[in-house]
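Colleague: Please model the complete structure; the sequences and the hints are all you need to start from.
Read top to bottom, the protein sequences are chains X and H. Going by this note's numbering, the first residue of the first sequence is number 4, and it counts up by one from there. Going by this note's numbering, the first residue of the second sequence is number 116, and it counts up by one from there.
Rather than coming from a laboratory, the hints here were simulated on the basis of the structure. A virtual CB, placed ideally from N, CA and C, is assigned to each residue, including glycine. Where hints are given, some of them may not hold.
List of simulated lysine-lysine pairs, DSS-like, C-alpha gap at most 30 Å [as the list claims (entries may be wrong)]:
(1) H:Lys247 <-> X:Lys112
(2) H:Lys200 <-> H:Lys169
(3) H:Lys200 <-> H:Lys142
(4) X:Lys160 <-> X:Lys142
(5) X:Lys171 <-> X:Lys104
(6) X:Lys105 <-> X:Lys171
(7) H:Lys247 <-> X:Lys75
(8) X:Lys105 <-> H:Lys247
(9) X:Lys142 <-> X:Lys76
(10) X:Lys105 <-> X:Lys173
(11) X:Lys173 <-> X:Lys143
(12) X:Lys104 <-> H:Lys247
(13) X:Lys173 <-> X:Lys62
(14) X:Lys62 <-> X:Lys160
(15) X:Lys76 <-> H:Lys142
(16) X:Lys143 <-> X:Lys75
(17) X:Lys75 <-> X:Lys106
(18) X:Lys106 <-> X:Lys62
(19) X:Lys105 <-> X:Lys62
(20) X:Lys171 <-> X:Lys62
(21) X:Lys62 <-> H:Lys539
(22) H:Lys324 <-> X:Lys62
(23) X:Lys62 <-> H:Lys169
(24) X:Lys62 <-> X:Lys104
Residues on chain X that point at chain H, a partial pick, calculated with CB under 8 Å [what the hints assert, rightly or not]:
(25) Pro59
(26) Gln64
(27) His65
(28) Phe69
(29) Thr71
(30) Met72
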Amino acid sequence: MTLAFSQSARQRFDEIVARYPNRQAALLPVLHLAQQEFDHISPEVMQFVAEQLGVPPVKVQHVATFYTMYNKKPVGRFHVQVCTNIACHLTGGPEIFAHLKKKLGVANKGTTADDLFTLEEVECLAACGYSPAIQITDKKDRETPIFFRENLDSLPKVDALIDELRAKAKGGA
Amino acid sequence: MATIVVDGRPYEADPARNLLDVCLSHKLDLPYFCWHPAMGSVGACRQCAVKQFKDENDTRGRLVMACMTPAADGARFSIADPEAKAFRASVIEWLMLNHPHDCPVCDEGSECHLQDMTVMTGHNERRFRFPKRSYVNQDLGPFVNHEMNRCIQCYRCVRFYRDYAGGADLDVFGVHDGLYFGRAGDGTLESEYAGNLVEVCPTGVFTDKTLKRHYARKWDLQTAPSICVHCSLGCNVIPGERAGELRRIRNRYNREINGHFLCDRGRYGYEFVNDERRVRRALAPHGPDRSADPLDPNEAIARVAPLLAGRVVGIGSPRASLEANFALQTLVGPDRFFQGISTRDKRLVDTALALLREGPSRAPTLHEVERADAVLVLGEDAPNTAPRLALALRQTAGVVPRQAVAGIPRWHDNAVRELIQDAKTPIYLATPVATRIDDLARRGQHAPPEEIARLGFAVAHALNADAPPVGGLAPEVAALAEEIAGVLRAAERPVVVTGTSCGSEAVLRAAAQVAWACGAGLCCVLPECNSMGLALLGGGSLDDAARALSDGDTLIVLENDLYERTTAADALLARAGHVVVVDHLAHATGARAHTLLPAGTFAESDGTLVNNEGRAQRFFQVFAPSGHSIRESWRWLRDVMNAAGRAEAAGWHALDDVIAALAAARPDLAGVRDAAPSAAWRFAGNKVARLPHRATGRTALHADRSVHEPRAVPDPDAPFNFSMEGAGVELPLPAALVPRFWSPGWNSEQALHRFQEEVEGPLRGGTPGVRLVAPGAGPIPWWRDPPGPFRRREGEWRVVPLHHVFGSDPLSMLSPGVAQRAPAPYVALAPADALGAAVVVTGEGFAATLPVRVLPELTPGTAGLPVGLVGPLPAVVEVKPA
Ligand code: SF4
Ligand code: SF4
Ligand code: FES
Numbered sequence: 004m005t006l007a008f009s010q011s012a013r014q015r016f017d018e019i020v021a022r023y024p025n026r027q028a029a030l031l032p033v034l035h036l037a038q039q040e041f042d043h044i045s046p047e048v049m050q051f052v053a054e055q056l057g058v059p060p061v062k063v064q065h066v067a068t069f070y071t072m073y074n075k076k077p078v079g080r081f082h083v084q085v086c087t088n089i090a091c092h093l094t095g096g097p098e099i100f101a102h103l104k105k106k107l108g109v110a111n112k113g114t115t116a117d118d119l120f121t122l123e124e125v126e127c128l129a130a131c132g133y134s135p136a137i138q139i140t141d142k143k144d145r146e147t148p149i150f151f152r153e154n155l156d157s158l159p160k161v162d163a164l165i166d167e168l169r170a171k172a173k174g175g176a
Numbered sequence: 116m117a118t119i120v121v122d123g124r125p126y127e128a129d130p131a132r133n134l135l136d137v138c139l140s141h142k143l144d145l146p147y148f149c150w151h152p153a154m155g156s157v158g159a160c161r162q163c164a165v166k167q168f169k170d171e172n173d174t175r176g177r178l179v180m181a182c183m184t185p186a187a188d189g190a191r192f193s194i195a196d197p198e199a200k201a202f203r204a205s206v207i208e209w210l211m212l213n214h215p216h217d218c219p220v221c222d223e224g225s226e227c228h229l230q231d232m233t234v235m236t237g238h239n240e241r242r243f244r245f246p247k248r249s250y251v252n253q254d255l256g257p258f259v260n261h262e263m264n265r266c267i268q269c270y271r272c273v274r275f276y277r278d279y280a281g282g283a284d285l286d287v288f289g290v291h292d293g294l295y296f297g298r299a300g301d302g303t304l305e306s307e308y309a310g311n312l313v314e315v316c317p318t319g320v321f322t323d324k325t326l327k328r329h330y331a332r333k334w335d336l337q338t339a340p341s342i343c344v345h346c347s348l349g350c351n352v353i354p355g356e357r358a359g360e361l362r363r364i365r366n367r368y369n370r371e372i373n374g375h376f377l378c379d380r381g382r383y384g385y386e387f388v389n390d391e392r393r394v395r396r397a398l399a400p401h402g403p404d405r406s407a408d409p410l411d412p413n414e415a416i417a418r419v420a421p422l423l424a425g426r427v428v429g430i431g432s433p434r435a436s437l438e439a440n441f442a443l444q445t446l447v448g449p450d451r452f453f454q455g456i457s458t459r460d461k462r463l464v465d466t467a468l469a470l471l472r473e474g475p476s477r478a479p480t481l482h483e484v485e486r487a488d489a490v491l492v493l494g495e496d497a498p499n500t501a502p503r504l505a506l507a508l509r510q511t512a513g514v515v516p517r518q519a520v521a522g523i524p525r526w527h528d529n530a531v532r533e534l535i536q537d538a539k540t541p542i543y544l545a546t547p548v549a550t551r552i553d554d555l556a557r558r559g560q561h562a563p564p565e566e567i568a569r570l571g572f573a574v575a576h577a578l579n580a581d582a583p584p585v586g587g588l589a590p591e592v593a594a595l596a597e598e599i600a601g602v603l604r605a606a607e608r609p610v611v612v613t614g615t616s617c618g619s620e621a622v623l624r625a626a627a628q629v630a631w632a633c634g635a636g637l638c639c640v641l642p643e644c645n646s647m648g649l650a651l652l653g654g655g656s657l658d659d660a661a662r663a664l665s666d667g668d669t670l671i672v673l674e675n676d677l678y679e680r681t682t683a684a685d686a687l688l689a690r691a692g693h694v695v696v697v698d699h700l701a702h703a704t705g706a707r708a709h710t711l712l713p714a715g716t717f718a719e720s721d722g723t724l725v726n727n728e729g730r731a732q733r734f735f736q737v738f739a740p741s742g743h744s745i746r747e748s749w750r751w752l753r754d755v756m757n758a759a760g761r762a763e764a765a766g767w768h769a770l771d772d773v774i775a776a777l778a779a780a781r782p783d784l785a786g787v788r789d790a791a792p793s794a795a796w797r798f799a800g801n802k803v804a805r806l807p808h809r810a811t812g813r814t815a816l817h818a819d820r821s822v823h824e825p826r827a828v829p830d831p832d833a834p835f836n837f838s839m840e841g842a843g844v845e846l847p848l849p850a851a852l853v854p855r856f857w858s859p860g861w862n863s864e865q866a867l868h869r870f871q872e873e874v875e876g877p878l879r880g881g882t883p884g885v886r887l888v889a890p891g892a893g894p895i896p897w898w899r900d901p902p903g904p905f906r907r908r909e910g911e912w913r914v915v916p917l918h919h920v921f922g923s924d925p926l927s928m929l930s931p932g933v934a935q936r937a938p939a940p941y942v943a944l945a946p947a948d949a950l951g952a953a954v955v956v957t958g959e960g961f962a963a964t965l966p967v968r969v970l971p972e973l974t975p976g977t978a979g980l981p982v983g984l985v986g987p988l989p990a991v992v993e994v995k996p997a
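Modeller: Next up, the structure:
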């Protein structure tokens, strides 16, 4: 399979590259672009990005595997990341994570059969003040891709959030 | 000089250095992992923590990393502080959490820096009771083994491979406890310096794959100081032997040459010593099938000695020691001694030697090249012909930008690299084809040798009007010459790198002219490990030998396969009445011998090699081959002379006698004597032990033959014993006699600092080796005759010799891993000349059908042929469609 950017992505790519003194410096934003364009950063996508930027393929792999927010495997429409680091740990993060595992019927990093949810336990989300924190990415809504729910401190609220997302998906939004 | 206080005691310190460096220079024990003497500090491992105090009244202090802390005047530290000790103990405990308990089956065991540091910190009980993380390893090719579970995340491997050596196929992947150091997938590590990972990695992740096939622990390896025989640079090495087999090569630090690193040709080229094609017994092949019964050594000598009554012609070798060549020269007389190289090669090497001797420019050491602030490379494909030089040039690239960094110490490696980004020392490259260091060049040119020479002469003229001008230059070449001249003129420590590999005397002359015109160092790469020594010794070429040989004469060929050197080998050998070949390998010339005498390789003999800077360096015998009649080439020749009743060699009992005879015959080479201490050297009455004092099995190893402990073979030639008796390396040995790096508590090669005057300084007692070549003091011998431009001739292709780090050196090609990495024979052509996928190449007795490699940078009308892979190269060929 040979990959290619869509016309709009190609335009974005050119804009991004133009911002930096050398092409290697554009690696992070180009990987984000590639993730939007190709769903996730597969080995083929890394190779493609390396060719586009003229950097060694291992360099791309080095960067892409370092940052957890580049998905190396396909994820569902809603990527649900639950923090269980210290602050969230103290305020119920692990319980929420355990609950979600049961509710969605998946293990850590698993995706539901309907491809709607991928659940992941993560380290600090830099939202300790709102702990326990969940971060959800909606692939179909890139304009507002990330949102936090403040004080998700009870399991019913978590359930409500998931139901809301399900409804959103069903409603075709 | 500053004074710092460590644990209440004052120490002298260079404030430009970091505290770890200073502590190790003062031989204080302080554990560390990520710092490397050649690569500086990154503060990644936290193992070198010490307490720093504000002043003498500060009793609390604070923890700092020694490798990240300047040794500023008056600074006060403590290594022994309980809090610092506890911190270091917890660091190693964390690092060991996931580390497998597999020392007994780990190849690194016995020389593992992680073992040493674990013992040093006192971490001796594992509290971690959970499953360890584990990884899938990669197949990294024939040289380096991969065992990722042992990794302690110090980052040294990527810092060496990627940052220091410019490799593009090894990196670090993942985060936190899932870090992975390797390639994107299985596959051979591409860099010709990959083998250094074996020494750079402080634990057993990267180990020597060739050693694995015949493994022995460091404490069981018999070693002696030696010199690499695979190119002209003369890197210092430590070969290790056990049970009659050479097991591996390790780096032997020589600050002026190889420093901490070797190339993979040098590290892995050793397997010819164990090869089945070795000649191990004297033979007298006869009959059509050249079958032969082994001769007793005395029979062999008795067979050759009477021949000395007649006319004898001798052919020496640039891969044999000075002493062996001198012995042959003595046997046949200087008029009938020939160098065993083609007329073209001889002219090139003689030109290089003359330029170094007659002109005012000195040959820089690699250490000096690494410090140059402007470089012009003329004609030499260093990564393939002198790999360690190319690695030095990669460091040169950082010199000027690093000089400009203010306010950050030089050892602060990451910070300095971030600051200088892509800035580079001005380096200009002009070579016939692209090289693997083209990325270092500010600008350059790929052109035929004449054009490279013309560029050089033009630069010289631009620098100094006494140098002749070059007519008819293209405007862009003239502009490039002006630019290069401007840069060299402004430089304080310019260096010109050139060599014999593109086969052009004009290029050598042009390079020398540039060096003379701006007072630069002249680094000149030569074809083989003793090309310089042989040129100093003198003697004609193979063509001269053919002219001197009358039908029926005896011909003695020393450590040389003439078929590699000339297409006229058959004719030459056929005219000799009796061919005596003294060599360690069976080859085409040996197959034509009437008498074959088994010589010792570099590992089984002692001698002197002269490297490309003119430095005479001694290599010492590593082991005594047993059970066959192998002896040093010079001993065979001595025995033959003595048996023939000749007087010259009567007093040659040991190597020192040969060297004394050489010094007497050739006062200009008398410096050879001082290349290393003589066999009479003793430490408190003792020679140096070749075996470590922990060596095992000295009786058991021979138990199949005798249950008695064998007597050690006496060694009249060197101040070493073939046993564990004698002076050990913990004593202050002269630098040329250090057989391995080891010190109590420092079992790995990191023990080096105990042998240096200071970290990165010379070895205690100075750099081994003696310069035999000095620049001339007379007026500059300008060459007034720059060549005309390259002109393509109809139906004619000028041959450009192309070199391969793996492939162009015949000895290393006997290592299976090296052979595996060598290219198949080919011819390289410019796109316009590529007449098909394969072409017929003919000329000067050369004829082959070869696959075509299209090289866009090659000039039409030139044809690249790989050295060492297609036989002796013609100068001009014709190329036709196959
Ligand atoms: S592989 Fe070796 S050198 Fe590389 S990080 Fe791990 S321990 Fe350090
Ligand atoms: S650079 Fe030359 S002398 Fe040094 S290790 Fe490599 S082949 Fe040997
Ligand atoms: S050696 Fe100082 S932090 Fe690693």
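Colleague: Of the hints given before, which are not true for this structure?
Modeller: 13, 14, 15, 18, 19, 20, 23, 24, 30
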